[in-house]
Amino acid sequence: MSRNYLHRIKGLFEFPSPSGRLILALLTAVLLLFAGLTGGGCGRQQTQKAVCIAGSTSVEPFAEKLAEVYMHRHPHIRIDVQGGGSSAGIFAAEQGAADLGASSRELIGKEKKLQEIPIAYDGIAIIVNKQNPLTNLSLNQVRQIFQGEITEWSQLKLPPHPIDIITREEGSGTRNAFEEMVMGEQAEITPMALVQDSNGSVREIVADDPYSIGYISMGLVDNRVKALSVDGIAPTRENVKNRSYKLVRRFLLVSRGLQPGSCQDFVNFILSAQGQSLLESEGLVGVGD
Amino acid sequence: MKKELYIERVLLFLALSSIGSLVTITVFIFWEGIPLIAYTGLKNFLLSSHWAPTRGHFGILAMIISSVLVTIGALVLGVPLGLACAITLAEFAPERVKTLLKPTLELLAGIPSVVYGFLGVIWLVPLIRDYLGGPGLSLLAGSVILGIMILPTVISISIDALSAVPDLYRDGSIALGATNWQTVHRVVLPAAGSGIVTAIILGMGRAIGETMAIIMVAGNALKIPTSILDPVRTLTANIALELGYASGRHREALFATGIVLFIIIMILNLAASAITRRR
Chain Y
1 MSRNYLHRIK GLFEFPSPSG RLILALLTAV LLLFAGLTGG GCGRQQTQKA
51 VCIAGSTSVE PFAEKLAEVY MHRHPHIRID VQGGGSSAGI FAAEQGAADL
101 GASSRELIGK EKKLQEIPIA YDGIAIIVNK QNPLTNLSLN QVRQIFQGEI
151 TEWSQLKLPP HPIDIITREE GSGTRNAFEE MVMGEQAEIT PMALVQDSNG
201 SVREIVADDP YSIGYISMGL VDNRVKALSV DGIAPTRENV KNRSYKLVRR
251 FLLVSRGLQP GSCQDFVNFI LSAQGQSLLE SEGLVGVGD
Chain C
1 MKKELYIERV LLFLALSSIG SLVTITVFIF WEGIPLIAYT GLKNFLLSSH
51 WAPTRGHFGI LAMIISSVLV TIGALVLGVP LGLACAITLA EFAPERVKTL
101 LKPTLELLAG IPSVVYGFLG VIWLVPLIRD YLGGPGLSLL AGSVILGIMI
151 LPTVISISID ALSAVPDLYR DGSIALGATN WQTVHRVVLP AAGSGIVTAI
201 ILGMGRAIGE TMAIIMVAGN ALKIPTSILD PVRTLTANIA LELGYASGRH
251 REALFATGIV LFIIIMILNL AASAITRRR
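Top line first, the protein sequences correspond to chains Y and C.
Going left to right, the first sequence walks through residues 1 to 289 as this note's numbering numbers them.
Going left to right, the second sequence walks through residues 1 to 279 as this note's numbering numbers them.
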């Protein structure tokens, strides 16, 4: 039995008829064609001018949106947007591997030699349920809550009930920014915290659960949740712009030096009234006045 | 004759390619995940519950425990309900009721898991929060939703197992003076035993592998739960939550989580077939 079976497997690779061979040849041709079509990379389309942007995953969705609108108006220019993280993006711009690096953190050390173009501000709002009478927390209190040192609302002079802490998943840009600006180097977000994978679902839970606290991108705060002041300063557009609200990061594009051409043109588009209003409609705060 | 041989070979090739994709997936998961386990050491990976991959901590103990607890919870809820339902439909219900209810129950399996999750969030979670306490998103919420989700699996396989018991057994038992319930309880259930165990194990597989609904209702917190009202993160939820942004070691750690899940499910299936064979 098993010998027979083995023999059959061996026989599989000898097609019985010329038509079988023809089909095999056709299949191979189709496969090769597919490989040829999908294997093409950045360099293939010589007729289009390409601008490569790489870097921060927080900037990526906004850059993609901008690129989409820009490419719609300039069909002959192609803009490739890649993630990889701020450091990788800055490095790529330094090396010239990308025309523009996207960063959601400030430049440090010798990175400062690069030309930086701030494109928007992103504020992070600390949100609580509408029923919560709290209006203000100090930065330190926010850290203690998320660190798990303050676990009861009574510790903040509210009626006693455990605090439900909502955070984002490890690796999320918003969480990164929150960790950098609130938690600092040492403190870790408590493992007790509930984890949600989008700004939207954090907001959903906070809107629903009267004892919860979370943080989301400022542009996504709506009237179902309450954004707290931090150290007495409310998270408003004005306070973000004049940088008195502390939980703000800048979104930067960096480059070795912009040359006139499609790259410069795209940057001009981002900084134009239209580009900025696009970013504002996506929830960021523009850099213009 | 030649044509037949040709078709046979094409079919064999297709069969091998489906096995091939299975092998490829397995090799790929292990290939991507093993380096991380080698890097942290098996003990630090499996027996630590400190998960902070961007800071270099890769312990998944809490998630293993949570996955197991959620699955047990789902079985505690789903198996008695499902079995009772299967026995009623297979043994006691009139034929007309059975032909109406069985397809309806199987329809439950066709509801996408995100819908179960959504119902859980909208409806079950606030109930738990208001009446039992805690954040609502919890081990309990996950278990209830999974318990409902495994019902169609448990019910339809159990019904098939019960229907496969020859009527001779029933007739013999009744002829000896046993009541209907005694017949079901002493004769039919033991005879259908291996099929029912298979139903439970398949339900278990469904529960442990479920991802979307559990992300939505279980809260995904990283600590080892101490109460059924605590939020938990399962192995599947961990992978799905973090894969989007993960890179480097973090990504490897998620694949390593996949390895653990893979091994758990393999053990489950092997146990199932061992039990079935022994009977």
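The hints are simulated quantities; they were obtained by calculation from the structure and are not laboratory data.
Even for Gly, the Cβ is constructed at its ideal location relative to N, Cα and C.
Do not rely on the hints blindly, as some may be mistaken.
[Unchecked claim] To give an idea of the interface, some chain Y residues facing chain C are shown, with a C-beta separation under 7 Å as derived from the structure:
no.: 1; residue: Thr-57
no.: 2; residue: Pro-61
no.: 3; residue: Ala-67
no.: 4; residue: Val-69
no.: 5; residue: Glu-170
no.: 6; residue: Ser-172
no.: 7; residue: Met-192
no.: 8; residue: Ala-193
no.: 9; residue: Asp-197
no.: 10; residue: Glu-238
Results for each hint:
no.	hint	in the structure
1	Thr-57	6 Å, holds
2	Pro-61	12 Å, violated
3	Ala-67	20 Å, violated
4	Val-69	24 Å, violated
5	Glu-170	5 Å, holds
6	Ser-172	6 Å, holds
7	Met-192	6 Å, holds
8	Ala-193	6 Å, holds
9	Asp-197	5 Å, holds
10	Glu-238	31 Å, violated
The earlier numbered hints that this structure contradicts are 2, 3, 4 and 10.
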